[in-house]
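Peer 1: This is what each chain is made of:
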Amino acid sequence: MLATVARRSMQSGKLTAIALFLPPALLLFTIFVVLPIAEAAWYSGYNWNGFGSPKNWVGWDNYRFVFETRAFGLALRNNLLIIAVSLIIQLPLALTLALLLAEKFRGAVALRMLFFMPYILAEIATGLIFSFVYDGDYGLLAAIYRQFGAEAPHLLASTQTSMLAVLIVVVWKYFGFHMMLFIAALQGMDRNLIEAARIDGATRWQTVRLIIIPLLYPTIRLSVFFAVVGSLQLFDLVMPLTRGGPADSSQTLVSFLYSFGVMRMRVGFGSAVGVILFVICVTFAFTYKRWFMRDE
Amino acid sequence: MNSSSPAVGKPFDPAALYKGLFLAIVVVFVATPLVATLLGGFKSLGELRTNPFGLPQVWEWENYAGILRSPRYWILLRNSLVISSLTVALTLIVASMAAFVFAHIRFFGSAMLLNYITLGLLFPAATAILPLFIKVRDLGLLDSYFGVVLPQVAFALAMSILLLRRFFRDLPVELLEAALVDGCSYINYFRYVTLPLSRPILATVGTIAFVNSWNAYLVPLVMLNSDERYPWPLGIMIYQGEYSSEWHLILAFITLTILPTILLFLLAQKHIVAGLTAGAVKG
Chain X
1 MLATVARRSM QSGKLTAIAL FLPPALLLFT IFVVLPIAEA AWYSGYNWNG
51 FGSPKNWVGW DNYRFVFETR AFGLALRNNL LIIAVSLIIQ LPLALTLALL
101 LAEKFRGAVA LRMLFFMPYI LAEIATGLIF SFVYDGDYGL LAAIYRQFGA
151 EAPHLLASTQ TSMLAVLIVV VWKYFGFHMM LFIAALQGMD RNLIEAARID
201 GATRWQTVRL IIIPLLYPTI RLSVFFAVVG SLQLFDLVMP LTRGGPADSS
251 QTLVSFLYSF GVMRMRVGFG SAVGVILFVI CVTFAFTYKR WFMRDE
Chain S
1 MNSSSPAVGK PFDPAALYKG LFLAIVVVFV ATPLVATLLG GFKSLGELRT
51 NPFGLPQVWE WENYAGILRS PRYWILLRNS LVISSLTVAL TLIVASMAAF
101 VFAHIRFFGS AMLLNYITLG LLFPAATAIL PLFIKVRDLG LLDSYFGVVL
151 PQVAFALAMS ILLLRRFFRD LPVELLEAAL VDGCSYINYF RYVTLPLSRP
201 ILATVGTIAF VNSWNAYLVP LVMLNSDERY PWPLGIMIYQ GEYSSEWHLI
251 LAFITLTILP TILLFLLAQK HIVAGLTAGA VKG
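As you go down the protein sequences, you meet chains X and S in turn.
The UniProt record's numbering numbers the first residue of the first sequence as 1 and each following residue consecutively.
The UniProt record's numbering numbers the first residue of the second sequence as 1 and each following residue consecutively.
Read the hints as simulated data drawn from the structure, not as lab findings.
Just so you know, not all the hints are guaranteed correct.
Keeping only pairs whose Cα atoms sit at most 25 angstroms apart, straight-line, the calculated BS3-like set for lysine-lysine is [as the list claims (entries may be wrong)]:
#1 S:Lys135 with X:Lys55
#2 S:Lys19 with X:Lys104
#3 S:Lys270 with X:Lys104
Stretches of chain X that chain S covers, calculated by requiring three or more beta carbons in the stretch to come under 8 angstroms of a beta carbon on chain S [what the hints assert, rightly or not]:
#4 12 to 26
#5 81 to 89
Quantities reported herein were computed from a predicted structural model and do not represent experimental measurements.
Glycine residues also receive a C-beta, built at the ideal position from the N, C-alpha and C atoms.
Just chain S, with the same shape it has in the complex (with noise of 0.2 angstroms):
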C-alpha cells in the first residue's frame, strides 16, 4: 500500500486517522484485562480497590512469590504437563500410523473406514460426557492420567487423521514406490522416510493437541476427583473458591498459569497459528 505510506508532504489523511484510532480502541479492549490482571497481581487488595489500572505504587512481590513457594502451584503444572505431554504423544503415534494407512494403502473398506472416523469431526465429547464417564469408570480408570488422556487422544483423533493423511499423501509418491521395489517395507518406509519428512505437520497437529488438553476443563473435570491429579484449570478454581475475593492473589495466580501458554505463543507462534486456522479449514 504505497498510497496509505506515511509520505512526506501529505500533511493530514483522515482515513489514517480513523484507521489508527480503531486500532487504538481494538488494543485497548484486548489488552486492558490482560494487562490489569497481571499488575493486579502486584497489588496489595486495598490498592487494587483504588488504583486498579495503574501501574502499582508498592510492588508486592510477596503475592507471586508465595504462589510459586507453595508446592501446589508446581503440582497443577506437573499434572497438565503430564496430562498434555500424554495426550500428544499418543495422538500423533496412534493417528500417524492410521493416517499413514489411509494415505498409502487402498484396501476394501478403506473409505468407508475413512469416513467412519470423520463422524468424529461432527460432536464435542460433551455430548457423551455422562457415558464416556460412565465408560471411564467401568474401565477402572476413574481418577487417573489415563482416565483423561485416552477420551482426549479419542476425540483428537479424527482432526489429527485428517492433517496427516493430506500431508502424507502430498508426499511424492515416487519415492515410496522406489523403496518398495528396493524391498523396504511399509513400516519401515512410514518409520524413516514418511515421518523425519513430517515434521511440519507433526508440530502443527501436536500444537493442536497441546493447546486443547492443556486448556481442558470439562474431561478433567468430569473424570478425575483428588485434588493431586488435577490440571491446573481444575486448579485454579479451586483456588477461586477458596480465596473467592482476595483478588489480587487470584490475579498473581492467574497470570502464573497462563504464562506458559503465553511464552509457549510467543516461541512457536508460527505452528501455533497455522495449527489452529489450518486445522480449522482444513476439517
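Extracted from the complex, chain X is given alone in its bound form (with noise of 0.2 angstroms):
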C-alpha cells in the first residue's frame, strides 16, 4: 500500500520534471534549428527579397544558379584547399609537436598553452592581426622584403597569393588545438606498451611508428573530422584578411554565402547554398562516421 502511494508520487514526480524540464530546450533548438533549416530548403524553391511573403516559385533554378557562380567553384575549391593543408601540414605538425610536448620537460606545460594560445582567440581578431603582417606597407612580411632588399608583395590583394595568405593562417590558428588533442590521448595512453618496446630494444622512432602512432588513430581520425568541419564552417578568419576577394578567389562556401546571399538580401539564392552546404555537412558526418568511426 505504502509502496504504491510512494510509486505513484514517483510517478507524477517523474512526469511533473519531464513536463517542467524538457520544453525549455525543446523549443528553443526547434524554433532555432530545425525550423531555419527546414524553411531554407523551403525559401530556397522560391526567387525573394524577404519581404512579404514568398510568392515567386522558380523551381531548382535557385540550386542551378549557384552551380553556375564561378565564386561557388572557387569557394568549393578552397573549401579542399583547407582540409588538404589541413591533412598534409597542420595534422603532422601538431603530431609532432604532441609528440615533443607530452614528455615532461621544463617548459613544456608553457609551451602546450602558448600554441593554444590562437585557438581561443577570436577569428576576427586574428584576421586582423595577419591583415597586418601581410600588409604590404607596414606589415611584418613587408619588413622582411625590405631587409633583403626586396620589394615587399601584397599577399592579400593578388588573386594568386590571397588564398595562401589564409591558409597559412588557418594553421597559425588551428595547429594548437590539434595538438592539444594529441596530448590528451598520449597522456591517457598505457606506458606499459612503449616500455616493453623499449625494452625489446626498439628504437625512437620505432615506438613512435609502430606503437604509437597505431594507438593514435582514433585520435588522428578525430582531428581529421574536425579540419573537415571547421573548414566547411570557415567565415569569421576570411572576412577581416579578403572578404573573399579578390575577384573571389579566397571565398569559402559560408563567406560566398554570405556576401552573395545575405549582403544581397538574396533569400533564395543564399537559402539554396544554405542547403547545399548542409547536405555536404550531413553526408560528411555520416559516411566519415560510418567509414572511419565504427567503434567509436
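Two chains, two frames, a set of hints: combine them into the complex.
Peer 2: Quick look at the structure:
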C-alpha cells in the first residue's frame, strides 16, 4: 500500500520533471535550429527578397544559379584546399609537437599553452592581426622583404596569393587545438606498451611509428573530422583578411553564402547555398562516422 | 624520459638540438604576430613602418590611453559581456534541465528526442542564417540582445546536453534511488544534489559557451544593426574600417579587445583546455 502510494507520487514526480525540464530546450532547438533549416529548403524554391511572403516560385533555378556562379566553384575549391592543408601540413605538425611536448621537461606546459593560445583568440582578431602582418606598407612581412632589399608583395591583394595567405593563418590558428587533442590522447596511453617496446630494443622512431601512431588512430580520425568540419564553417577568419576577394579568389562556402545571399538579401539563393552546405555537412558526418569511426 | 634529460657528461646530443631548434621555430611563428601586435600599439605610425619587430624607441602610451578613455571601447565590452553572460546562463539552465531528464528519467520517446537534439551537432548556424534572420525578425527580436542570444543558445544546446547528460549519468545512481525513497522530488534532487555535484562539468560547458559567444561574429553581424548594441568583433571591424591604415591605433585596439580573452585563458586554462578539447572529443 505504502509502496504503491510512493510509486504513484514518484510517477507524477517524473511527469512534472519532464513537463518542466524538457520544453525549454526542445522549443529553443526547434525554433532556432530545426525550423530554419527546414525553411531554408522551402525558401530555396523561391525568388524572394525577404519582404512579404515568398510568392515567386522558381523551382530548382536557385540551385542552378548557385552552380553556375564562378565564385561558388572557387569557394568549393578553397574549402578543399583548406582540408588538404589541414591534412598534409597541420596534422603532422600538431602530431610532432604533441610527441615532443607530451614529455615532461621544463617549459613543456608553457609551450603547450602558447601553442594553444591562437585557438582561443577570436577569428576576427586573428584575421586583423594577420592583415597587419601581410600589410604591404607597414606589415611584418614587408619589413622582412625590405631587409633583403626586395619589394614587399601584397599577398592579400593578389588573386594568386590571397588563398595562400589565408591558409597560413588557418594553420597558425588551429594547429594548437589538434596538438592538444593528441597530447590528451598520449597522456591517456598505456605506458607499459611503450616501455615494453623499449626493453625489446625498439628505437625511438620505431616506437613512434609502430606503437604510438597506431594507438593514436582514433584521435587522428577525430582530428581529421574536425579539420573538415572546421573548413566547412570557415568565415570569420576570411572577412577581416580578404572578404573573400580579390575577385572571389579566397571565398569559402560560408563567405560565399554571406556575400552573395545575405549581403544582397537574396533569400532564395542564399537558402539554396545553405541547403547545399547542410547536405555536404550531413553527408560527410554520416559517411565519415560509418566508414572511419565505427568503433567509437 | 631519463635518456633525454640534460645529463652531465653528455657533451652533445644532436636529437635534443634538433628538437630545441624545431620548437624555437614554432615559438617564433606563433609568438611573433602576437608580440608585434602588442608592441605595435605602443609605437607611432612612422616607427611602426621602420621598426615593426623591436621594442618601441618612444613608448606611445597615448594610443592605448586614448582608446581606454573613449566610451566606444567600454560599450563594446559591455555589449559582449551582456550577450555572453546571457548566453552562458541560459545555456546552462536549459541544457542542464534537459540533460537531467535524459540522464535519469526513462519515458516513451526519450531516446528519439535525444537523437533529435543530437542533430544539432551536424551543421553550423551558417547553413540556416537567412531563415534564422527572418525568424528573428518576425519574432521582433532583430537588433536586440536576445536576437543574438537565443540562436546562440539553441546552437549550443546539442553539445551541452550531451556533455552534461554523460556527467549526470556517471553520478552514483544509489544517491538518486535513496533520495526518491525518502520522498525527495526529481526537481529538488536536481536542484540540491545534481547541480552542486556537477560544478566541474558546468564550468566546462559554461566555458565553451562563453568563448564561442564572446568570439562570435556571423550571428551578431546578421542580427544587429545599431552600433550601440554591437559586441566587440563587430565593433573592431568598424574601427578598422574607419582608421584603415593607422595601424598603430588598430593594433592597440586589437590588443585591448583580446586582452580579456587572454586573461581569462591564463586564469582558467584548465577548464578552457579541458572544455574545448573534451567538448570536441565527446561530441
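Peer 1: Taking the hints in turn, state whether each one holds.
Peer 2: Outcome of the hint check:
{"no.": "1", "hint": "S:Lys135 with X:Lys55", "verdict": "holds, 18 angstroms"}
{"no.": "2", "hint": "S:Lys19 with X:Lys104", "verdict": "holds, 14 angstroms"}
{"no.": "3", "hint": "S:Lys270 with X:Lys104", "verdict": "holds, 17 angstroms"}
{"no.": "4", "hint": "12 to 26", "verdict": "holds (count 11)"}
{"no.": "5", "hint": "81 to 89", "verdict": "violated (count 0)"}
Figure legend: structure checked against the earlier numbered hints; the only hint not met is number 5.
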